[in-house]
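In order, the protein sequence lines correspond to chains A and B.
Residue numbering for the first sequence follows the working numbering, beginning at 1 and increasing consecutively.
Residue numbering for the second sequence follows the working numbering, beginning at 1 and increasing consecutively.
No wet-lab data here; the hints were simulated from the structure.
Just so it is clear, CB atoms sit at the ideal spot from N, CA and C, and this is done for glycine as well.
Treat the hints loosely; a few may be bogus.
What the hints assert, rightly or not - Chain A is faced by these chain B residues, among others (derived, beta-carbon under 7 Å):
#: 1; residue: R54
#: 2; residue: A111
#: 3; residue: W227
#: 4; residue: E231
#: 5; residue: N352
#: 6; residue: S363
#: 7; residue: A364
#: 8; residue: A503
#: 9; residue: G510
#: 10; residue: A512
#: 11; residue: E513
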Amino acid sequence: MWAARRMASTTSASSAALTFELVAKCSTTRARASILTLPHGPVNLPLFMPVATQASLKGLTPEQLEDTGCRLCLNNTYHLGLRPGQEVLDAVGGAHKLQGWNHNILTDSGGFQMVSLLKLATITEEGVRFLSPHDGTPMLLTPEHSMSLQNSIGSDIMMQLDDVLVTTSPDAARMREAMERSVRWLDRCIAAHKRPDVQNLFCIIQGGLDLEMRRECCREMVARDTPGIAIGGLSGGEAKDDFCRVVACCTELLPELKPRYVMGIGYPEDLVVCVALGADMFDCVWPTRTARFGNAVTKFGVINLKREMYAGDFGPIEEGCGCPCCRPIEQEGAMGVTRAFVHHNAAKETVSAHLLTLHNVWYQLNLMREAREAVIADKFPAFAHEFFDRLYPDRKSYPSWAVTALRGVGIDLLKP
Amino acid sequence: MTTDGDVPAAMTFELLKSVPASAAAAAAARLGRLALGGRKSVIDTPNYFAITSRGVVPHVSPDNVARHLKTGGAYMALEDFIERPQQNLERRPPIYDHPSPNGRPLHSFTALPTSLITVLSARRLPAVPAPLGNSNRSVSIFTSTGFQVLTTKDYQAAVEALRPDIAIPLADLTHKELTPTSKRALRMAERTDDWVREWFADQPDTNSPNPIATFAPVLPVSYSLQWEYIERLSEDLISHLSGLAIYDADILPDLTSSTSYGNLNLLPRLSVAVPASPHHMLRQVSLGMDLFTLPFLNAVSDAGIALTFSFPPPAQAPSSDILPLGIDMSSTEHQTSLAPLAANCTCYACTNHHAAYVQHLLSAREMLGWTLLQLHNHAVVAAFFAGVRRTLAQEDGEAAFEAARARFYAVYDPELPAGTGERPRARGYHFKSQGGEGKRNKPGWSKLDEAEAEAKAQATGARAGDVAGGEESKPDADVADALQRLLVSGGIDTPVTPPDADAEELCHKGFAEVDKQQ
Numbered sequence: 001m002w003a004a005r006r007m008a009s010t011t012s013a014s015s016a017a018l019t020f021e022l023v024a025k026c027s028t029t030r031a032r033a034s035i036l037t038l039p040h041g042p043v044n045l046p047l048f049m050p051v052a053t054q055a056s057l058k059g060l061t062p063e064q065l066e067d068t069g070c071r072l073c074l075n076n077t078y079h080l081g082l083r084p085g086q087e088v089l090d091a092v093g094g095a096h097k098l099q100g101w102n103h104n105i106l107t108d109s110g111g112f113q114m115v116s117l118l119k120l121a122t123i124t125e126e127g128v129r130f131l132s133p134h135d136g137t138p139m140l141l142t143p144e145h146s147m148s149l150q151n152s153i154g155s156d157i158m159m160q161l162d163d164v165l166v167t168t169s170p171d172a173a174r175m176r177e178a179m180e181r182s183v184r185w186l187d188r189c190i191a192a193h194k195r196p197d198v199q200n201l202f203c204i205i206q207g208g209l210d211l212e213m214r215r216e217c218c219r220e221m222v223a224r225d226t227p228g229i230a231i232g233g234l235s236g237g238e239a240k241d242d243f244c245r246v247v248a249c250c251t252e253l254l255p256e257l258k259p260r261y262v263m264g265i266g267y268p269e270d271l272v273v274c275v276a277l278g279a280d281m282f283d284c285v286w287p288t289r290t291a292r293f294g295n296a297v298t299k300f301g302v303i304n305l306k307r308e309m310y311a312g313d314f315g316p317i318e319e320g321c322g323c324p325c326c327r328p329i330e331q332e333g334a335m336g337v338t339r340a341f342v343h344h345n346a347a348k349e350t351v352s353a354h355l356l357t358l359h360n361v362w363y364q365l366n367l368m369r370e371a372r373e374a375v376i377a378d379k380f381p382a383f384a385h386e387f388f389d390r391l392y393p394d395r396k397s398y399p400s401w402a403v404t405a406l407r408g409v410g411i412d413l414l415k416p
Numbered sequence: 001m002t003t004d005g006d007v008p009a010a011m012t013f014e015l016l017k018s019v020p021a022s023a024a025a026a027a028a029a030r031l032g033r034l035a036l037g038g039r040k041s042v043i044d045t046p047n048y049f050a051i052t053s054r055g056v057v058p059h060v061s062p063d064n065v066a067r068h069l070k071t072g073g074a075y076m077a078l079e080d081f082i083e084r085p086q087q088n089l090e091r092r093p094p095i096y097d098h099p100s101p102n103g104r105p106l107h108s109f110t111a112l113p114t115s116l117i118t119v120l121s122a123r124r125l126p127a128v129p130a131p132l133g134n135s136n137r138s139v140s141i142f143t144s145t146g147f148q149v150l151t152t153k154d155y156q157a158a159v160e161a162l163r164p165d166i167a168i169p170l171a172d173l174t175h176k177e178l179t180p181t182s183k184r185a186l187r188m189a190e191r192t193d194d195w196v197r198e199w200f201a202d203q204p205d206t207n208s209p210n211p212i213a214t215f216a217p218v219l220p221v222s223y224s225l226q227w228e229y230i231e232r233l234s235e236d237l238i239s240h241l242s243g244l245a246i247y248d249a250d251i252l253p254d255l256t257s258s259t260s261y262g263n264l265n266l267l268p269r270l271s272v273a274v275p276a277s278p279h280h281m282l283r284q285v286s287l288g289m290d291l292f293t294l295p296f297l298n299a300v301s302d303a304g305i306a307l308t309f310s311f312p313p314p315a316q317a318p319s320s321d322i323l324p325l326g327i328d329m330s331s332t333e334h335q336t337s338l339a340p341l342a343a344n345c346t347c348y349a350c351t352n353h354h355a356a357y358v359q360h361l362l363s364a365r366e367m368l369g370w371t372l373l374q375l376h377n378h379a380v381v382a383a384f385f386a387g388v389r390r391t392l393a394q395e396d397g398e399a400a401f402e403a404a405r406a407r408f409y410a411v412y413d414p415e416l417p418a419g420t421g422e423r424p425r426a427r428g429y430h431f432k433s434q435g436g437e438g439k440r441n442k443p444g445w446s447k448l449d450e451a452e453a454e455a456k457a458q459a460t461g462a463r464a465g466d467v468a469g470g471e472e473s474k475p476d477a478d479v480a481d482a483l484q485r486l487l488v489s490g491g492i493d494t495p496v497t498p499p500d501a502d503a504e505e506l507c508h509k510g511f512a513e514v515d516k517q518q
């Protein structure tokens, strides 16, 4: 009875393995604040999910990752399928046990990596066909394989295997085929999913940049009532205006009481705009990858600490940042790391990469925490103004796609 | 026994227990306590200091050092901080100007937890031999941008500016495995003698609130070639000395057997002698060494080895096999093992993770593998020394220690295992390449065009967990990024290579199936 009442509520909805509770909505934009309760605990949305590709976040211990406030990170099915492999995952008891992470994990389906990395991969109705690079044997990877692997990984959120095409592909017929096939593959994924009571399977909206195709896909996918919904195929080199139009078009059609995940998004501007457009979850390797090249993401922009100008800069990586590298040395757990020290070891000792990874992950998570607080206080437009104001020297330099996208949801960045 | 009041306030060393100076058993294990002026840190000896590379314990960020690394101090090398970058050859090393609220710029620059004490020396451990050798007023050092000359004056000024807790004055060393000729050895002693005298003659301010304790170098040459220098330390300089930095433990019997070195023998002894294994460590303890630097420790972690020895050693039937000092964590036999790296270990890695994870990380070349091994291996060595101290503290400590030492030799393999895993990338400051050597590092990719293609594939088709959302301007940046990875990067990237497995393995791993339609 309790469950039934919850289902009927206007602010929360449950499915077998998650609960989505809407906490607040921005009165101007489509931004929302919510709580997503997954099998390994609740997470606050909007949310950035750092990518621990091979069951490890680039040198950080799970303890350090936990201390950034992260409660949901990504693993890659493709990588875990190759190493350590399904048999080991089954023997160990899944990816949580493997990496000592007692919080939530999301896994992608692995199909995208297959298609983009294997030269002779072709997609057919059965699945992804490719030649084993080692001995040339013809191989087939199906939605069922992906589900089986993700069941062995035990991720809290699994992604369907989809037929991915670059959004900029001019082949409309192929685009339609990919979209429709993704819907059919979702049905196969749902049928093959062995643990729907403890693992959530999300669908992925496809359809390229064609808004009508996206709408059609939304209707088909929503009808299959997965616990959460992802918008896929983006961030593949399309114009940012097109990207925003697709996100806005989808969020308009998606049910309010389900989490909405825009895949592969990580630049701070993209996150803020997508939150305004009504998206809740994001992931990207950029913050952690760029850390390994000596780049720090800060509220004033990205700085490359390998540059000679930072050799004698004894300030924190980012003034006012609350991460363990930057916060004042008097505070609990603070390290007192300076830009000079990071510069000293950038590209030399792995520790510099660890420090920047820690900082960048903290920055991304904190950006979403601040966005959430702004939504709850119903001050999201002011938050967006302040964010762009700090990032750019003047309003003339604001990216036009962001100005346009935000104008569409009631924020005019160029007016106070 | 406490050292007398002449010892600088920088540090006090209390010998809690050592064998009575009977003529026969002159060199003997001892138990002590090192306390630093104005600091809370107290270090019980025998003990060890971690060796840093460029100011960091390799793979361990300062927060993890504070939380999980069981060491009392860190050895640092000045040559790690004073390179001249190509873009700015005249640059004054920034570390000299680093602000320091606690008056210790070396500490502040390296973000080392204040509970750890710092030892500053000119050269890394082990040091790369310099082709040029030393002169009467300088030594050759090896920075990340190449060899440099470091004068005695410059070194002393650097120590004054950086204010480590412990400084080792310059010694004239060859850093080569070959024993120097007597002529060279004599000159080493003479120069070191000059340099150490000069060190104390020029000490500007001995009343600093942040005192620096001097550990005088004792050379890796026989006593007969450096006895004059040692007498100088014992007679003229003893009141300035806080300890000895010993480059070869074999000198200890000569020091302890002489009745005239009474005061010298009350000083703490820091081994910079590069013991190759725990067996050597125990031998040095038995000769009366108090503090150790252990270059093999960072090396075994890089090699994927988890140390497994303990002291006192486990009791074992004589028939059973020799125990290994460590195990190769890269081995696939650990793939599904949920056991800790070493039984009963209480380190962070063993209480939070298991062998299967470390094996996976090493096989995937994830940096965390080396981090966890570092935390574990340092904990094993810390527990080893705690065991040594507990044994020595027993009523019949000396005998108990010697018995346990003999058993350790009988039970454990004298050689550390060689790891089969791939090591982290070697950097230019780690080694000097010799002609005809193979490459130290595996190339990131086999062919440049493949890397380019991969980078482009990612830049144009990025998605979950792959690459950043793209603006049109980004693909180029991503290609540049990927290419940069081939040259140098702050870490190891996720290998997004095609599966290096045959069809059978792919099927076995549940990755895909053999396509029967083709």
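Going down the list of hints, with the structure as the test:
Interface hint at B/R54: satisfied, since its Cβ lies 5 Å from the closest Cβ of chain A, which is below the 7 Å cut-off. Checking B/A111 against chain A: minimum C-beta separation of about 5 Å stays under 7 Å; hint holds. Below 7 Å, beta-carbon pairs count as interface contacts, and B/W227 has none with chain A, the closest being about 41 Å; its hint is therefore violated. Evaluation of the B/E231 hint against chain A yields a violated restraint, the C-beta minimum of about 41 Å exceeding 7 Å.
Hint status for B/N352: holds, given a least beta-carbon distance of 5 Å to chain A, under 7 Å. For B/S363, the suggested interface contact is upheld, since its CB lies about 6 Å from the closest CB of chain A, less than 7 Å. With a least beta-carbon distance of about 4 Å to chain A, the hint placing B/A364 at the interface is held under the 7 Å criterion. Using the Cβ-Cβ criterion of 7 Å, the hint placing B/A503 at the interface with chain A is satisfied: the shortest such distance is roughly 3 Å.
For B/G510, the suggested interface contact is upheld, since its CB lies about 3 Å from the closest CB of chain A, less than 7 Å. The restraint placing B/A512 at the interface with chain A holds, with a minimum CB-CB distance near 4 Å, inside the 7 Å limit. Contact between B/E513 and chain A, as hinted, is supported at the beta carbon level, the nearest pair being about 5 Å apart and thus within 7 Å.
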